[in-house]
Amino acid sequence: MNLIVFSGPPSSGKTSVILKTISSFHDKNIKVGVVKFDCLYTDDDVAYEKAGIPVKKGLSGALCPDHFFASNIEEVVNWGNEEKLDLLITESAGLCNRCSPYLKEVKGVCVIDNLSGINTPKKIGPMLKSADFVVITKGDIVSQAEREVFASCVSSVNPRAITMHVNGLTGQGAYELASLLYDENQNIQTVQGMRLRFPMPSALCSYCLGETRIGEAYQMGNVKKIDLGGDKK
Amino acid sequence: MTNISIKKLLEEYPFAAAYFEQNKLTIAGFEDQTFEEFLNHFSEEELEDQAIDKAKLLSDLPVYLDQMRQFLGMENDRLVHSLTILPGHDKSGTVEGFKELTVETSQIISIVGPTGSGKSRLLADIEWTAQNDTPTGRSILINGEVPDMKWRYSSNNKLVAQLSQNMNFVMDLTVVDFLRMHAESRMVQDPQSVINRIIAAANDLAGEKFELSTPVTSLSGGQSRALMIADTAILSSSPIVLIDEIENAGIDRKKALKLLVTSDKIVLMATHDPLLALMADKRIVIKNGGINHVIYTSEEEKQLLDKLEKMDSLIQTARQELRSGNTLSPDLLAN
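Line order of the protein sequences matches chains A and B.
Residue numbers 1 to 233, in our numbering, belong to the letters of the first sequence in order.
Residue numbers 234 to 568, in our numbering, belong to the letters of the second sequence in order.
Treat the hints loosely; a few may be bogus.
To be verified - Straight-line alpha carbon distances no greater than 27 angstroms define the calculated DSSO-like cross-link-like pairs of lysine-lysine that follow:
#1 K287/B to K123/A
#2 K491/B to K543/B
#3 K104/A to K289/B
Claimed, not checked - For the chain B half of the interface with chain A, some residues (derived, Cβ under 10 angstroms), not all of them:
#4 A251
#5 N256
#6 K391
#7 S397
#8 M404
#9 D405
#10 E417
#11 T465
#12 S471
As the list claims (entries may be wrong) - Computed list of chain A residues with no C-beta within reach of chain B, every gap over 10 angstroms:
#13 D45
#14 K50
#15 G61
#16 F68
#17 N187
#18 R213
#19 G215
#20 Y218
#21 M220
Honestly, the hints are just simulated from the structure, not real lab data.
None of these values were measured; they are calculated from a predicted model.
Think of the CB as a built atom: it goes at the ideal place given N, C-alpha and C, for glycine as much as any other residue.
Given these sequences and hints, build the entire structure.
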C-alpha cells in the first residue's frame, strides 16, 4: 500500500485537492482511502463518503492534533491494509503552523493558498519546509504577480520541493499531481519504527494539565515568558 | 560554496540574501563566518524554539543557489518561440479535429466553447507540457521539440501566466511597493525603470489614471485589470499568457492585447466576445473535452469586425456621455 501524508493550514483547500486528485486515481483502478485528522469538528468525511471513498476520521479533542496523529498513524495504516487499499491518504490540519506530521520514508504534501498572504511561507515551519510537494491553491482569484511572488517565497524556504498550482474547484493540476504521487513499487505494511521528519513542539506546563487560573503563581513546568523589552527582572 | 564566508557568498550570489531573509536567519554580525559556523551559533533551545533544521538549511542552500543561477541564466537559451499542440481525443475517445496547431510568439489564438467543455483541461495540458500522459492524450511541443521537464517541476519557471476576470489583488501594498516586490522576486537589474514602464503602460490602458501611492486593493476594476495586464506583459517570466474573458469596462482591450503581443508573448484567449475572438487569426472550438476543429478567421469576418468595432465605439460614446451627466439624443446614431 502507498501512504501519503497531506497537511496544511485550515481552509487552504486540502480536501478539495485530495478529492480532485483521487478522481484521477479511480480511472486507473487504484483503490484509495482517506483518514481525516482534525481537532474539534470535521464534516469532510461526508464529502469523501459522497465520492464513494472509504474514510475514517479522528478528532483529537483535548489533545494537540499532530501529537494525536503521531500516536495513531500506526493503527491507521493497519486499517488501510485491512481494507486492501492501494493508496492511503491522511489529511491533517496544521493548527499551530509549527508541527509537521511527515514521516521520513513517506511522501509529504503541504497545501497552502495564495490568499493566506505573502508572509505565510515564513510563518509556517517544518510543515512547509520539510514537505516533498507544495501545492498552492486559489491561484485563480489572485493576480499573476502575486502567484509568482508567493511561489518564489515558497521555493526559497523549500527549494527541493516540487511546487505545483492546483485549482480545487476545476481540478486543474490535480491529474498532474496524482501522476507524481503514486508509486507502484511502494508497499507499506507498517509504519512502526519510522521517524517523524521534525520533532514536534514540546510542552507540558500547568495549562497542558488543565489549569485555568491566570497568574505566575499557578504556572509550573515548561513555561516561557514573552520578551516585552524594558526593565525586567 | 558552503566553506566560504557569508560575506563572500553574498558578493558572489547576491540573491542568497533572499534565502536568509525568507528563512528568518539574521546574519548581521556573522558575515565573516561560513554558513555552517553561523548555524552552529544557535543554542539547542533556539533551534527547538524557532524550529530550525540545521542540516536541511545547510544542504538546501546549494540547491537554492543552483536554481536561482539557472533562472537568471535562462534569458537567452530558454526563450520560447513557438507552442505546438498535437491532437489527442475527446471524452468519447474520438480523435481531435486538427492535425497540428502551432502558435508563435506575438500571435493570438482564441478559444471558444461552453463552460465545462474542456478549456481548463487544454490549459492544464499546455502548462504540464503533456506528452500523451494526460486524459486527453495530447502532446505539447515547445520550439518544435519535446520540451525540457523543467517546465513541469520548477516553481520559478512556469510556462503559463493566467489572467482571469475573477482575479483580485489581495496584498495590502501601494502600486509602487507591489511592483517593486514583484520585480525583486524576478531579480530584474533595474527595478525602477521597469516599474516606470509598467505604470506608464497600465495608465495607457486604464480609462482613469492612478498614482504610484494608491494601494492596489483600492484600484477600480478597470485599473486593476490594466495593472495586471501591464505587469504580466512586462514582468512575468511566463512566455504564454492565457486570458479568460477580459471585461469591457474601463480598459482598452485592443491596446491590452497589443501590449501582450509586442512583449513577445503567446496569447491564448478564452472569450465569446466577437470583438476579441475575431481579433485572433485562429480560433479553437472545444466540444466534449476535445478540440473539435480550428477555424481560421476569414476575410469576411475581419470586415465584420470593423463594423462591430464601430458599433462598440458608439455604445462607449453613449456611456461616456451618461457618465458626464449629459442627455443622449438620436443624433448619436446619425453618423
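Now the hints, each set against the structure:
1. K287/B to K123/A: Holds, at roughly 18 angstroms.
2. K491/B to K543/B: Cα-Cα ~19 angstroms, so holds.
3. K104/A to K289/B: Holds: K104/A and K289/B sit about 13 angstroms apart, inside 27 angstroms.
4. A251: 5 angstroms, holds
5. N256: 6 angstroms, holds
6. K391: Result: holds, 8 angstroms to nearest chain A Cβ.
7. S397: For S397/B, the interface hint holds, since the closest Cβ of chain A sits about 6 angstroms away, which is under 10 angstroms.
8. M404: Check passed: Cβ of M404/B comes within 6 angstroms of chain A, closer than 10 angstroms.
9. D405: Result: holds, 9 angstroms to nearest chain A Cβ.
10. E417: 9 angstroms, holds
11. T465: 5 angstroms, holds
12. S471: 8 angstroms, holds
13. D45: D45/A clear of chain B: closest Cβ-Cβ about 28 angstroms, beyond 10 angstroms.
14. K50: 20 angstroms, holds
15. G61: 25 angstroms, holds
16. F68: Fine: 19 angstroms to the nearest Cβ keeps F68/A off the interface.
17. N187: Check passes; 24 angstroms lies beyond 10 angstroms.
18. R213: 26 angstroms, holds
19. G215: 24 angstroms, holds
20. Y218: Non-interface label on Y218/A holds, nearest chain B Cβ at 23 angstroms vs cutoff 10 angstroms.
21. M220: Given a closest Cβ separation of 19 angstroms, the condition holds.
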